[in-house]
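Chains as they are written, first to last, in numbering that gives the first Met the number 0: chain A, 0 to 304; chain B, 0 to 110.
Calculated directly from the structure, the hints in this document are not laboratory data.
None of these values were measured; they are calculated from a predicted model.
Treat the hints loosely; a few may be bogus.
Said to hold, decoys possible - Keeping only pairs whose Cα atoms sit at most 25 Å apart, straight-line, the calculated BS3-like set for lysine-lysine is:
#1 A/Lys119 - A/Lys69
#2 B/Lys68 - A/Lys96
#3 A/Lys96 - A/Lys28
#4 A/Lys126 - A/Lys69
#5 B/Lys68 - A/Lys119
As the list claims (entries may be wrong) - Partial selection, computed: residues in chain A whose CB lies under 8 Å from chain B:
#6 Ser26
#7 Ala27
#8 Leu45
#9 Phe46
#10 Asn55
#11 Leu95
#12 Ile98
#13 Leu110
Ideal Cβ placement from N, Cα and C applies to all residues, glycine included.
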Amino acid sequence: MVENTHHETDGLAVDHHFENADQQYQSAKLGMWVFLATEILFFGGLFCAYAVYRSNHPEIFIFGHHFLDKSLGALNTVILICSSLTAAWAVRAAQLKQIRILKLMLALTMLFAFGFLGVKAVEYNAKWKHGLLWARQYHPHINHQEPAEVLITEEGFESGAVEGAFEEATELQTVGDAVLAETETTIVEEGPVGVPAADADHSKIAPAAEGPAGLAFPDSDEASEPAIEVEPANAQTFFSIYFLMTGLHGIHVLGGIGAFIWLYIGACRGVFSTGHFTRVDMVALYWHVVDLIWIYLFLLLYLVE
Amino acid sequence: MSENEQSFVHVASVRLLLIVWAVLIFGTWLTVSASNIDLGALNIWVGLAIATGKAVLVALYYMHLRWDKPFNAFVFMSAIFFLLLFIGISMMDAGQYQVDLIPGYSPGVGG
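Isolated chain B (complex conformation):
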């Protein structure tokens, strides 16, 4: 690791890269397995939690955010924040409508 001359550079060790890779593969297996268990409405949240765990690992280690200037993480998190705001407000709006105006048109929501 000492070969590099620039002080601002963080070099990730091969061991770390491989460990993160192994955890990501395990996470993929976990996602598929979790989707095969019927948890009802909880399924999607379990899946999203595992996916987000994987995303955090990629961002922190593969994308070097852990050693980066915090401002880069702030930029990225602000994008996530506005995305959640966007989806959240859209969902709140979508929830205000009568989904099954035509009887039997949306059987999945039991209207």
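For reference, chain A alone in the conformation it holds in the complex:
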């Protein structure tokens, strides 16, 4: 900000290549909208992959979405809508030079953004524990931390009967597919109730004794739903798309938090006390697009059927 490259119109600093503050503001805004257009197209590739895969393999998406928690997704949608409100309010406060309200709104927006990531972390953690990951990392297994609550409906008996065996198997379960198969064998030998031997044909997809029905979250409404249908081939496709789309979106949320921190520091230094609010407006525009994309992600990933 060298002094002689600026002139003043309407009390605002205007760079020398702009006629006035209006033109400067409109140029910044147009640039931002062009950037947002590229963002839409950036996510567009993933939405396209989603559309093609879902039209060809709807059963994968119906199967996969049972493992997403609808209420957590809805909670995150509400959190992001609230953050959009506070972001829009922050713009208003900056326009009116209400620095205290501006700081409050920026802080609230960041709080909501962190809340969103927190909920997302809980969801990712649950997927991680169950091995519901992308592509070749997809190794679904029962939640070995709460074995008593897990139903192995495919075999028609409760795992509570073999709880002890599951606890012994816990360490082995973390190692990998091959070891998982051995774990099942251990249960067969040591469980108080005889477990049918794992079907060898199934070994490449999922250990048979840990059928997909056992993956249902026992604490959610879904426990009362009819048992999940048999796992379709290539179920990992859903989780690849899920992690790519929500992951890219999550990175955008992180970027947004960084931008809001920058704005907050600016607000503390009095950058916006002069009526200069372009930065706040631009970051808010970006944040609204992040919200818009989540509105669609919530619908397409969590509310299949």
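Model the placement of chain B on the given structure of chain A, informed by the hints.
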């Protein structure tokens, strides 16, 4: 609203921001409720319609497009247009293939 000195600025009223917020929350509730009703193939279109309604509200009011220069809206709409073209043509292409070459591989499409 009259505190601002710049003529090019549009300041949204707090009341408007809160009304839009309330409608967006209602829209979220509506989306979840609609997804619990089985409408068959219509479900996804109802959901997309509600989501798009929410997106339009955010764009018009929170993103100030309603009071902006129309060219900004044009830039944004052109991105949406090319996105729809992209997805639409990809879907047309995807529809040209035999989806169930391996019997039982894609049970969901009944091939």
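Here is how each hint holds up against the structure:
| no. | hint | verdict |
| --- | --- | --- |
| 1 | A/Lys119 - A/Lys69 | holds, 12 Å |
| 2 | B/Lys68 - A/Lys96 | holds, 23 Å |
| 3 | A/Lys96 - A/Lys28 | holds, 19 Å |
| 4 | A/Lys126 - A/Lys69 | holds, 14 Å |
| 5 | B/Lys68 - A/Lys119 | violated, 36 Å |
| 6 | Ser26 | violated, 11 Å |
| 7 | Ala27 | violated, 11 Å |
| 8 | Leu45 | violated, 11 Å |
| 9 | Phe46 | holds, 6 Å |
| 10 | Asn55 | holds, 5 Å |
| 11 | Leu95 | holds, 5 Å |
| 12 | Ile98 | violated, 13 Å |
| 13 | Leu110 | violated, 16 Å |
Going through the hint list in order, the structure does not satisfy hints 5, 6, 7, 8, 12, 13.
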